[in-house]
Amino acid sequence: MSSEDSPPRTPDEPTDDAEAASPDRSPTATDRPRRTADRPTSDHASGSPLDRIETRHAVGVAAILAVAAGLLVAPGVYGAVTGPDGTVAVIEIDGTIDSGTAQHVEDNLRDARTNDSIEAVVLEVDSGGGLPAQSERMYAAVDRTASVMPVYAAVDTLGASGAYLAIAPADRIYVAPSAQAVGSVGVAGTAPAPSGPNAGTTGPDKAGSDPDTQRERRQTLANLFIANVIEQRGDEIELDREAIAHADAYLGTEAVENGFADRFGFVDGAVADAAAEAGLDDYAVDTRRTESPVPGGIPLLERDDGTVVVAEGADDEIGDGLILAVAPEAWDETVGDDVVMTSYTARLRADGGDADAATSGADATNDDESAATGDDSAAALDAAVAANGGDGA
Amino acid sequence: MSVDLRTTVGAFALVFLAVVGVAAVGGVVLDDAPPETDAVADDHWQLDAVEPETVSEGGEVEMESSEPSNTVVVHLGSGGAGLGGGTSILPIEDGDSPADADIGSVGGVRRGVAPLTAALVENGHEVRFYGGIASREPLPSMLSDADAFVTTSPGALSATDADAVETFVEAGGRTLVASDPGGAGALTDFGSPFGVYGEAGYVYDMENNDANYLSVLVEPTGPGALTEGVEQVVFRGAAPVGTADGPATLATAETSRLSTTREAGAYGVAVRSDSLTVVGDSSFLEPENAGRADNGVLIGNVADFLVTGETPDVSFGPATGPGGAVPPGGATPPPEPPEPSGNATA
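Protein sequence lines correspond, in order, to chains A and B. Using our numbering, read the first sequence as starting at 1 and increasing by one per residue. Using our numbering, read the second sequence as starting at 1001 and increasing by one per residue.
By construction, these hints were calculated from the structure, which means they are not laboratory data. Think of the CB as a built atom: it goes at the ideal place given N, C-alpha and C, for glycine as much as any other residue. There is no bait here: all hints are sound.
Examples of chain A residues lying across from chain B (beta carbon under 10 angstroms, computed):
| hint | residue |
| --- | --- |
| 1 | N115 |
| 2 | N198 |
| 3 | A245 |
Based on the sequences and whatever the hints tell you, model everything.
As structure tokens, then:
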């Protein structure tokens, strides 16, 4: 820069330069002759040609810089003019509901609330439920989000039990007409049973509370579930509380009729309607799927030596000592084969060694298998409360 | 040069501060915080809003009668063998999983009738368990010396044993059959000579129950020895039973429903036909349930029923003489009539 600056300044400030330079540069003998030799050149160049060249340069450089800057800014401007007005986030609720599912939904709904560009949410649901508390986490997140933007849910095959609890606060529930389980408002688990003396525990209830308490707590969980559904959809559902508590899982076409769902539809329709509800003429869709490490759902396990093998896939099953908000359609994949939802009246034994389900619902037995697996819970039983156990197969 | 530098730096600082200042002011002015979300309603989560209604703890097991020693044979079926029911299957008494309970276990199937058997023995009666065809003594032999018979698993009786019990009942032997849901066929097979039958399915009640739809509340249909002092009992799983002779002794509430038809109504769950009493549930005999509602009072009444009355005149082939066995204590003077019931527990 200084080399460019000095030539123009020299002709512009001949007097100053001479006055200022004389005391400063007097010691330098060679400087003055050189400057005086330069001056005629500068004076000569201070005419129009050099000026015009410099100006042209400056204009050219400025133009190039302007083009560059314009190219930088243009996409943003173009995007601002032609881009979407906002985003509809599609958040998946898939599979057995556990902490991972709840975190996925909570995180993405929180992002939807704090991200200015996301104006609406569609929940893409295919789950038969899981743990009640995790379902409640999603329930709360959906409820909170629905208070600031449209939240619609679209159910394909399963939107039952814990998954139905999660989407109950949605502004609108779409179901496929052939959805096979919508609703199932209830919980299930192993039958209440007394626990024997156990020297390994520090109190009689450490191995499991008494059967009456177990029964009451199970019913309390069911009542919470029912109360949540009535709180959110009491106006829409045309069944009374007792009918809801029967915990039936409805087909999509039935669910629209009885108010468990609002209308028939799929994700795309729900996205379009959610965008319209949010006032978006032009919108982008941001799909947030649950992370599926392996396509096709085959669980793989990486060994220490780097090889990958197919795992048994039992790791993600939920323990059978818990009371679950699970539809019978999803029971097996949730807890595996250890706990079988048995019909109250059809008590055929799976194999001779295991004890049968207790008809009373009050008592049942620790079978050998559960003892072998180290399940010291008194609830490690092979019976579960089920109104229609035949559906569980 | 120094003037230029100062100017330049000054200009830089000015422009810089201006840009940052505009950004700061603009941020403050233009920034909108994330929208205020509504709090999630939680009133309906309070415990008193969702706690289920339960029955109160009720009376104790007390026998009114002062009968001389009777012998009661109790049959429970082998663990889970009978499709027709039986008491709950619990870890066998000498279980082989000591790691879990190395100082005992819940107990075997016999614990399922412990309140009844304890009351009988406490009042001077003898209790003998019959464990099925593998037992040392066959059932006919045991019944020939017995005054009363109890089974919680009629479907687990062999044909020979069922015939023996039938003969015993016909001879006036007091018999209690507790037949859980699922045992309708076996119960009908056994009870039809006495006009007693079982119906398929189970009774449930979504409105009035003891914390579970299967735990139905049962009330007496009228006065009777079995239901004296009983206002309400809880059955954990009730099978409908009926008799040709009249109304049931105990029936469920009008809000209950039958699983097979879903029809609401009061279903009979206990009937009596002379010396035969059939209850469509065995859970009320279990120790955990004996204290619920008036279950204990009902157990006491059942115990009185078993030991009160004539000694049955029954014989089974060569085991005993045609005149029937004289049970221990059977030669005692005629028993005093039972005291009028004044069950304080109600």
